[in-house]
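K.L.:
So the protein sequences, as listed, match chains A and B. Counting from 1, position 313 in the first sequence corresponds to residue 313 in this note's numbering; the numbering is continuous, with no gaps. For any residue, its number in this note's numbering is found by taking its place in the second sequence, counting from 1, and adding 327.
Certain hints may be false.
[As the list claims (entries may be wrong)] Calculated pairs, DSBU-like style, for lysine-lysine (alpha carbon to alpha carbon, straight line, at most 35 Å):
1. 200(A) to 23(A)
2. 584(B) to 10(A)
3. 592(B) to 43(A)
4. 592(B) to 603(B)
5. 350(B) to 293(A)
6. 477(B) to 505(B)
7. 350(B) to 288(A)
[Said to hold, decoys possible] Pair ranges (Cβ atoms, derived):
8. 461(B) to 128(A): 19 to 29 Å
9. 51(A) to 556(B): 33 to 43 Å
10. 557(B) to 128(A): 29 to 39 Å
11. 10(A) to 336(B): 39 to 49 Å
Just so you know, the hints here were simulated from the structure itself, not pulled from any lab data. All C-beta atoms, glycine included, are put in the ideal place defined by N, C-alpha and C.
So you can see what is in the structure, the chains are spelled out below.
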Amino acid sequence: MFNTIYIEEKAYEYHITRQLLHKYVDSEVVTIRHYKDVFNRPKQNLAVQKRYPSLILAVKDGQFLYEGPVVCQSFDHPNFYYTSFLLNCVFDCEYCFLQGMYPSANIVAFVNVEDFKEAMKDLLHSRKKVFLAVSYDTDLIAFHNIIPYLQYFYDFFASHPDMLAEVRTKSANQAFYNDYQPLKNLIIAFTLAPDEIIKKYERHTPSLKSRINAVKAATARGFSVRICFDPVFADPEMEDAYKEFYHHVFTQIDPGSILDVGYGFFRMPVDFFKRIEKVRSSSLLYAKEYFVKGNVVSYPEPVMERIKTEHLEILEKYIKKEKIFTL
Amino acid sequence: MVLLVTALMAEAVPLIEYFKLKKDMGIHAYAVYRNSDIALIVSGVGKIRSAAALAYLCALYHVTEKDILMNIGFCGSGSRKHPLGTLLLINKITDMDTGKDYYPDVFCGRDFPKESLRCYSRAVREDDVSQGTDIFCDMESSGFIETAKKFVYAHNIVILKIISDYLEPHYLNQELLKNYIREHVPMVESIINELKHLNDSTCEFSFTEEEKKAFNDICRNLHFSSSMENMLLKEMKIAKLKGMEPLNILRPFMEIKACSKAEGKKLFEEIKQRSKLENV
Ligand code: SF4
């Protein structure tokens with residue numbers, strides 16, 4: 001249930017809006033001119049909004065697809081792009097870069113899915129093959145019961161095999177894997193972390209056990225599954241937890257059923273980090289000292305190298321080296 | 328602190344009585360009433376007067392983002408959707424001169440009806456709007472929120488309007504209006520309490536007065552540069568977030584006065600070492 005549903009005047013005519021109004025009949029509804037009038041207001045308190053999130057239904061215009069940022073993994077695909085049907089997320093990860101990117105914790109949902117498809121077609125036309133991340137600024141699968149975007153795009157992906165889509169998720173929701181047939185060009189990328197990290201940093205997200213069950217459900221149905229160990233924290237207290245965790249994951253999940261693995265340390269653009277440091281003033285994560293290289297805050301190279309070597313040594317027992325992508 | 332703005336004295340009286348506010352005799356530009364936690368200002372009618380009065384109060388009391396700013400007053404209603412005397416919580420304001428929309432975040436008063444409000448520069452009558460439309464009109468809200476949004480969090484801006492008439496402002500009875508407010512003051516208080524509770528539940532980091540004083544004394548006595556000050560502040564913050572006592576880092580250095588910047592630098596390194604030991 002949302003605190004308020006804000007609806008752009010021009011969004012009323014779309015199917016998603018009608019569905020949601022039908023579903024949330026008791027919600028307060030406020031008509032707005034442009035989503036940015038609400039989303040970009042000054043002095044929004046993100047912590048309070050996270051507790052009582054509002055939904056903003058908007059019609060996306062301008063740019064629909066963006067080139068993949070350097071802090072994200074391309075998995076060796078030359079034409080790496082991302083898109084956002086949703087801005088913000090139902091989960092509340094302490095390390096989430098969205099807190100530094102947006103002035104609001106309210107969720108914007110774009111209702112003009114057909115326009116996104118047109119933009120994707122245009123991109124495919126000029127680039128021929130595209131790797132498209134569709135769940136970077138959100139968790140689409142966690143939102144699936146509210147707006148089933150994957151259902152809306154399923155036929156499009158099915159008929160455009162040159163568009164390789166990646167849906168990143170921490171959700172344990174298995175509805176999509178049960179209701180749909182796998183597609184060769186649709187990758188479900190599960191982010192897994194030790195339970196200690198989940199408890200410490202990934203508020204409202206499912207436990208490791210539930211996520212592993214979702215991975216098993218997806219692989220059993222034949223979906224292409226990527227496992228992401230990202231972000232990894234260089235925390236001395238966590239070193240043993242990580243080692244046990246990797247063994248645990250691959251005793252639960254058949255490594256042969258996995259497409260590949262992504263691995264990356266906690267990292268963030270400097271300006272996002274500075275903004276979050278203010279917003280999350282009580283967070284130890286943002287109070288600590290980091291190393292800044294270029295425009296990115298992360299750990300010192302030697303620390304990352306040491307930990308990565310140790311972790312890869314374990315991972316390579318289960319997954320072939322060339323299937324592990326690090327950043 | 329809670330700052331209340333009403334346009335009219337008739338709107339203010341029941342609030343002054345309920346919250347036992349006393350007139351601040353030192354202020355002459357406006358009628359300001361207050362107790363230790365609440366201040367009320369009577370702005371006069373119109374959005375510019377409301378904006379000016381609120382700005383005056385915010386500057387006077389050095390308002391921070393966690394303070395609560397509330398506009399309480401009457402509005403006219405274009406339809407009979409709600410009975411006269413209904414208290415509305417406003418979730419959108421449109422300034423009818425500029426066309427600009429404003430949105431407070433409404434997280435309190437779950438049981439009260441929420442409505443959008445139009446703010447006009449002059450009193451609106453029945454003939455000015457299409458018959459029976461669900462529009463609610465006042466003359467202060469856009470000025471109030473234009474100022475309020477500069478000072479406090481969007482959820483700490485509260486606009487409460489009581490329906491005084493169905494766009495027949497000439498029939499208003501002063502005693503009846505006072506009674507409408509009087510009836511709703513306990514609800515105003517419960518909304519204030521809800522918001523205070525919400526604000527207290529968001530844990531924003533701060534140092535105690537004692538910690539701030541110790542930090543300032545040390546930085547001054549040891550001639551720290553601003554980058555050294557920032558580093559020290561960070562060490563103290565980490566200690567506190569880890570549940571330790573940040574003053575433990577500083578204590579051995581509190582009585583020392585450095586004779587030169589070089590000596591200060593040496594002492595700074597010692598503090599850092601000590602902090603590393605404390606913060607493991
Ligand atoms: S799941 Fe991803 S998008 Fe959602 S809060 Fe966590 S890091 Fe952010």
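K.L.:
Taking the CB of residue 557(B) and the CB of residue 128(A), does the distance hold inside 29 to 39 Å?
P.N.:
This hint is violated: roughly 51 Å between Cβ atoms.
K.L.:
Does the Cβ pair residue 461(B), residue 128(A) satisfy 19 to 29 Å?
P.N.:
violated, 53 Å
K.L.:
Does residue 293(A) sit within 35 Å of residue 350(B), going by the straight-line distance between their CA atoms?
P.N.:
Roughly 58 Å separates the two Cα atoms, so the pair is violated.
K.L.:
Is residue 584(B) close enough to residue 10(A), meaning Cα to Cα at most 35 Å?
P.N.:
Judged against 35 Å, a Cα distance of about 67 Å means the pair is violated.
K.L.:
Please test the hint of 39 to 49 Å on the beta carbon pair from residue 10(A) and residue 336(B).
P.N.:
Distance hint for residue 10(A), residue 336(B) holds at roughly 44 Å.
K.L.:
Is the straight-line distance between the alpha-carbon of residue 592(B) and that of residue 43(A) 35 Å or less?
P.N.:
Since the Cα atoms of residue 592(B) and residue 43(A) sit roughly 39 Å apart, the hinted pair is violated (cutoff 35 Å).
K.L.:
For a C-alpha distance cap of 35 Å, please report whether residue 200(A) and residue 23(A) respect it.
P.N.:
Roughly 34 Å between the alpha carbons, so the hint for residue 200(A) and residue 23(A) holds.
K.L.:
Straight-line Cα separation of residue 592(B) and residue 603(B) no greater than 35 Å?
P.N.:
holds, 17 Å
K.L.:
Do the alpha carbons of residue 477(B) and residue 505(B) lie within 35 Å of each other, as the hint requires?
P.N.:
holds, 31 Å
K.L.:
Holds or violated: are the alpha carbons of residue 350(B) and residue 288(A) at most 35 Å from each other?
P.N.:
The given pair, whose Cα atoms are some 49 Å apart, is violated under the 35 Å limit.
K.L.:
Does the hinted range 33 to 43 Å hold for residue 51(A) and residue 556(B) at CB?
P.N.:
At roughly 34 Å between Cβ atoms, residue 556(B) and residue 51(A) fall inside 33 to 43 Å, so the hint holds.
Checked against the numbered hints above, the structure violates hints 2, 3, 5, 7, 8 and 10; every other hint is satisfied.
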